[in-house]
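Sequences and hints are given; from them, build the entire structure.
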Amino acid sequence: MSMENVTTVLSGDEAGGLAEAEASGGWLWLRSFADNRLALAGLVVVVVLTLFSFLGPLFYHTDQIHTRIGMETLPPGTGRPLGTDDVGYDQLGRLMVGGQTTLEVAFGAAAVAVLVGVAWGAVAGYLGGFVDALMMRIVDALLAIPALLLLLYLSAVFQPNVLLLIVVVGLTAWLVPARLVRAEALTLRSREYVLAAKTMGVRTPTLIGRHIVTNSIGTILVNATFQVADAILVVAALSFLGLGISPPATNWGAMLSNGLNFTYSGYWWLTYPPGIAIVLTVVAFNLIGDGLRDAFGLDTRRR
Amino acid sequence: MKRAGEVGGGPAASGPVYDGPVLRVTGLDVDIRLRRSVVHAVRGVSLEVAQGETVGIVGESGCGKSTLGLALAGLLPVNTEVRGSIRLGDRELAGVGERDLRRVRGTEVGIVFQDPMTSLNPTLRIGVQVGEALRVQEGATKAAARAAAAEMLDLVGLPRPNEQLDRFPHELSGGMRQRVVIAAALVCRPRLLIADEPTTALDVTTQAQIMELFDRLRQTLGMATLLITHDMGVVAGHADRVFVMYAGREAETGRTAEIFDAPRHRYTAALLDSVLRLQTERKSELATIPGRPPDLTVAGAGCPFVPRCPAATAECSAQFPPVSGSGSHHWLCHHPAVQDEDSRVTEAPR
Amino acid sequence: MISNKSGPGSADVPLLSLADVTKHYRPGGLLARSAAPVQAVSGVSLEIAAGATLGIVGESGCGKSTLGRMVVGLEKPTEGEVRLRGTALGSMSRPQRRAARYDVQMMFQDPYAALNPRMTLARIIEEPLRAKGGLTRQQRRSQVRQLAEETGLAAGQLDRYPRELSGGQRQRVGLARALATSPALIVADEPVSALDVSVRSQILNLMTALQAEHQLSYLMVSHDLTVIHYLADHIAVMYLGKIVESGPPAQLFRSPAHHYTRALIDAVPEPTPGRAAPLSSIRGELPSASEPPSGCRFRTRCPAAAALCAEQEPPLRAFGPGQLAACHFPLTEAGADGSPPPGPQAHDTKEAAS
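Protein chains in written order, with the working numbering: chain A, 379 to 681; chain B, 832 to 1181; chain C, 5 to 358.
All the pointers check out, no bait thrown in.
Straight-line alpha carbon distances no greater than 25 Å define the calculated BS3-like cross-link-like pairs of lysine-lysine that follow:
| hint | chain 1 | residue 1 | chain 2 | residue 2 |
| --- | --- | --- | --- | --- |
| 1 | C | Lys-80 | C | Lys-136 |
| 2 | C | Lys-80 | A | Lys-576 |
| 3 | C | Lys-136 | A | Lys-576 |
The set of hints was computed from the structure by calculation and includes no laboratory data. In this text, all values refer to a predicted model and were calculated from it rather than measured experimentally.
Encoded structure:
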């Protein structure tokens, strides 16, 4: 339960005294977040999966480059905790490598989306008027293009690598943060501390960065976590349809899609591990996002 | 002091006619549970409001007056704890469940908040909102509620009330909106009206008009009023008695003239000294109260005003002062102020 | 022109002057072009001398905040000029205007919204110095410390965030920030309205002290007459974008000529019990600023309104030394009712009504 419950009800400085009682500095949201068990669980899951994917191979060595004929679709046993896949790769090792790609693309795409979207939205919202109208109509137009179809087309035409995938997925996802930040900017630009900065002659780019963006950080962070979750799903969807990154690289979505070919053969270790990994990660990021939203009190009126 | 002949109540309490104070609060404590601490917003407050009387609750930010108002209206958030007694007429309200409270609110207790912008639902017409309490509480028909709403709007001084019924809040000015809020609060003819900073968000000329309205309504409807405000001027002109709060506790109570002409509690005296008036000498050094109000999460034993009081002693820090005074004028101060002939506060004799 | 001649012999050119300043807002959008403009400020002329305080009083919708913003440069007048030391802001080159910016700073009303909640106090006060440039980090730091001390902030608080401070402390920060560039004029928009009574006096004392120390001028905008009366050397009363009366405080309050001024004075809740609260003499609601009443804008609420008031807008006329009012049927004697102002005061007066 956030402090906003009380602050919205009590007037003026009666709440100011309470704020003092609670915490100091601009990191109150961190404490709120830390008190949210589900959100913390989400964070733990993400950290564990990240460590698993990136540090796992240091402890568990498998060959993820060369296929091994004769070792296909072996069930879990000694030396192979999760068995092997249809071309002989060790499944557990594959899960780690797949995780690396999945997480890289997800984080990368989210970063691109957020950076581009925030910049676009902040500038549009702050400047207002014709510039704002123009910039947001562009966003509206781009939103009309179904992202997945665009990605399908691009993936079919160009053989994507990780970097290209990051850029492309990011560039279809920046529209949402742009809208969100623009809305924030519209509200913030008439705040008195922004006016104060104007009267001091602070230059516009500095003003936007220092006053508008920093005070939208709550919205931005929340959206960023959902961006990561969405990116994972998009990459999984692409791989599912046979597009995306080519072997020997892989990602969880590709592993899942591959494994589904063998559903009726009963090779459960080919489908469940990547499937569960995807679900866990997406849910974890959603929980983190919800937790951040609560911590910043974004659903209620805030000062 | 006007006393109402016929006080309209909500669903009338049948039985012997109750003759005592409309509101009697005894030993009220309100604690607000925060994540890591507890705020003692109100401590040991006792007060009474007689029929037809207006009691002004004054204090500065953080003194607990708004919390007190919310407690009396039964509108505190879930993370609060209330101890003590709140008697409305002959009925105890503290500890009463939400369903019963809801019946009391609107029919026997009317509430007016500070901000007329947010007190009204922007998507509902005025007539609907004013008549809402009648329909919900007394099961009135749409037509009856509408008629009653029109009557109330007329009573609060809105021009052409029948036309206003179908307008939306955003079509009205701040002053008119506040009148609508007052109409909605009084439509069931409650016994008690709680007004929390009703004029703070309004222009000064509108404020004067609204306060005039309150006076007029008091004479017409005879309800008791609890006027919560930080504005000493408003209280001076419109309250029969004054209840001064500091750090969640009572500091001083008395008839308006007693409080303003002869304040005894050091805080009351200092507060009155620091109020800016038209008579204040221009550009002179103004009296202030040094320091800040105390942290309400600490439930100290002594008088909370000690750090800022010019007359504080060890006794003041050790023990919370008992009630002194007589008749209608009470104060809780170990070393109350004494006025000299010019009504200037001097040091109390030790 | 309304002179604000107080203090030591003012130079020929006043520090700040407004010449027939008007601000009309066009409602936005391509489709709303034909709608009537909002006449926020119409034909206002004022002067402020160095070291003096001009108080503008009026209620919501009177245009005083817009006026303050135009003086500070946040808005540009649609007509008329804002002149700093005789030079119109509009005719300045960009670098000149930047320099002018530092000479006129603003102090805001809402202590909770005036400071960026994500910046420490030190950075908030430092910001204008960084924008202005020309100082090393060390120099800025020491300036900030000095400003904090001058405005009564403890040095240890400089690393705190606004949410940890009370309203009064936040206003001190606002004041320190406004002082950072050593301005000649500070526009104070309702600087104490959001504060507790006892804190108000602290801030007002501080403002008075700083004025004496730095030879500051204040343009004080407020709806609170007691504050204006206390601080201002000269007062202008605004209603619906126009100045309806102006003059020195003592005179204005003793014998106001305009009915609106009278109503404002009557409406002040006096903390004196037993004084029969005067019945408010004005009634009705504030007219829309996009469709102001013809003739005298106040006539729809004025107890003394007559047919003439709807036909002809009353000009500002003299009513005693330094006092001007725009009313056909004023409360006190003018030079004469309805006739042009007599001799000696003509130098100081100017028809400011458009």
